[in-house]
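Residue numbers (the numbering used here), protein chains in the order written: chain A, 1 to 171; chain B, 1 to 171.
No lab work stands behind these hints: they were computed from the structure. Some hints here could point you the wrong way.
[Unchecked claim] Facing chain A, according to a computed beta carbon distance under 7 Å, are these residues of chain B, among others:
#1 49
#2 50
#3 87
#4 109
#5 141
By construction, the Cβ of each residue, glycine as well, lies at the ideal position given by its N, Cα and C atoms.
Number of protein chains: 2
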Amino acid sequence: MAMEIGEDDWLVCCGSTDFAKLMMKASPFNSLVTAIDTARDIWLNQVNVTAWLQAFSAHPQIGKSPSPSINSDFARLSESEQSTAFSTTSASALQELTEWNVLYKQKFGFIFIICASGRTHAEMLDALKGRYANRPIVELEIAAKEQMKITELRMTKLFSDKAKVVSETDL
Amino acid sequence: MAMEIGEDDWLVCCGSTDFAKLMMKASPFNSLVTAIDTARDIWLNQVNVTAWLQAFSAHPQIGKSPSPSINSDFARLSESEQSTAFSTTSASALQELTEWNVLYKQKFGFIFIICASGRTHAEMLDALKGRYANRPIVELEIAAKEQMKITELRMTKLFSDKAKVVSETDL
Numbered sequence: 001m002a003m004e005i006g007e008d009d010w011l012v013c014c015g016s017t018d019f020a021k022l023m024m025k026a027s028p029f030n031s032l033v034t035a036i037d038t039a040r041d042i043w044l045n046q047v048n049v050t051a052w053l054q055a056f057s058a059h060p061q062i063g064k065s066p067s068p069s070i071n072s073d074f075a076r077l078s079e080s081e082q083s084t085a086f087s088t089t090s091a092s093a094l095q096e097l098t099e100w101n102v103l104y105k106q107k108f109g110f111i112f113i114i115c116a117s118g119r120t121h122a123e124m125l126d127a128l129k130g131r132y133a134n135r136p137i138v139e140l141e142i143a144a145k146e147q148m149k150i151t152e153l154r155m156t157k158l159f160s161d162k163a164k165v166v167s168e169t170d171l
Numbered sequence: 001m002a003m004e005i006g007e008d009d010w011l012v013c014c015g016s017t018d019f020a021k022l023m024m025k026a027s028p029f030n031s032l033v034t035a036i037d038t039a040r041d042i043w044l045n046q047v048n049v050t051a052w053l054q055a056f057s058a059h060p061q062i063g064k065s066p067s068p069s070i071n072s073d074f075a076r077l078s079e080s081e082q083s084t085a086f087s088t089t090s091a092s093a094l095q096e097l098t099e100w101n102v103l104y105k106q107k108f109g110f111i112f113i114i115c116a117s118g119r120t121h122a123e124m125l126d127a128l129k130g131r132y133a134n135r136p137i138v139e140l141e142i143a144a145k146e147q148m149k150i151t152e153l154r155m156t157k158l159f160s161d162k163a164k165v166v167s168e169t170d171l
């Protein structure tokens with residue numbers, strides 16, 4: 001039985017509909033490595049700024065839990081990626097993050113995107129403050145590259161979950 | 001009598017409301033050179049991608065006349081900037097431009113922006129075809145720099161028109 005990956009699965013990896021459609025068009029993939037190479041090319045060279053902004057806006061703000069209205073698989077992954085941060089955070093760190101997130105969004109027009117896996121809130125706050133000084137066009141590309149890191153982690157998990165389903169079905 | 005430049009004047013130079021507000025905040029300027037330096041800093045380092053997209057969308061597509069619904073001073077300048085192009089164009093050039101403009105917007109998510117003054121439609125079509133190969137993030141910054149050239153030409157005209165009004169009032 002082959003691994004079946006649908007448009008919804010790609011949207012959980014990256015919240016851009018253009019990205020998800022182009023991944024469907026390029027499917028199926030014979031390995032995770034090939035799929036990631038294709039995803040990088042689609043994300044960094046093919047889809048445009050509108051797609052980037054759509055994907056950024058799918059994430060909860062760092063330091064906040066995902067909104068209950070968003071896709072539940074997407075929300076579950078966002079929570080799991082921020083689990084290190086939430087397990088080591090403090091009220092003052094969360095307060096400072098909230099304030100800097102507001103400044104960041106005012107300057108750049110989108111929320112602060114960072115690959116949160118394994119990072120504490122203090123580390124992400126330092127990164128936010130450092131990146132705040134960037135020119136908007138520079139920061140836009142950095143955010144897109146952070147989004148790509150998130151996408152790759154999610155694709156790795158997706159392929160591993162689907163492989164499990166396939167091997168269980170084959171029993 | 002001092003030169004009076006309002007937010008509407010800045011919006012005719014560049015259709016971003018953030019740009020116009022920041023120019024008002026930095027006013028008055030003691031020379032065109034100082035104003036252009038400030039405008040460059042605001043446009044390239046301060047306002048974000050949302051402002052850039054708003055300004056791009058204020059322009060008519062190259063090869064088309066401005067929509068009658070837009071600001072009439074803005075429309076008048078767009079027409080005058082494309083006057084060389086329209087005086088030397090052909091039906092086939094206009095047709096090809098229309099087709100390439102569609103492809104460009106599909107790829108990049110915004111219309112093709114180029115400083116049209118003194119350029120023929122054939123020259124702009126060549127530029128469009130060349131720029132079409134760019135990565136979206138690269139093309140976004142090129143479009144913003146072309147917008148800046150347009151803004152500078154319009155600011156030069158604005159200062160010259162306002163200086164005329166001041167000197168006539170002083171008579």
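The hints, checked one at a time:
{"no.": "1", "hint": "49", "result": "holds, 6 Å"}
{"no.": "2", "hint": "50", "result": "holds, 4 Å"}
{"no.": "3", "hint": "87", "result": "violated, 33 Å"}
{"no.": "4", "hint": "109", "result": "holds, 4 Å"}
{"no.": "5", "hint": "141", "result": "holds, 5 Å"}
Hint check: a violation occurs at hint 3 only; the rest are consistent with the structure.
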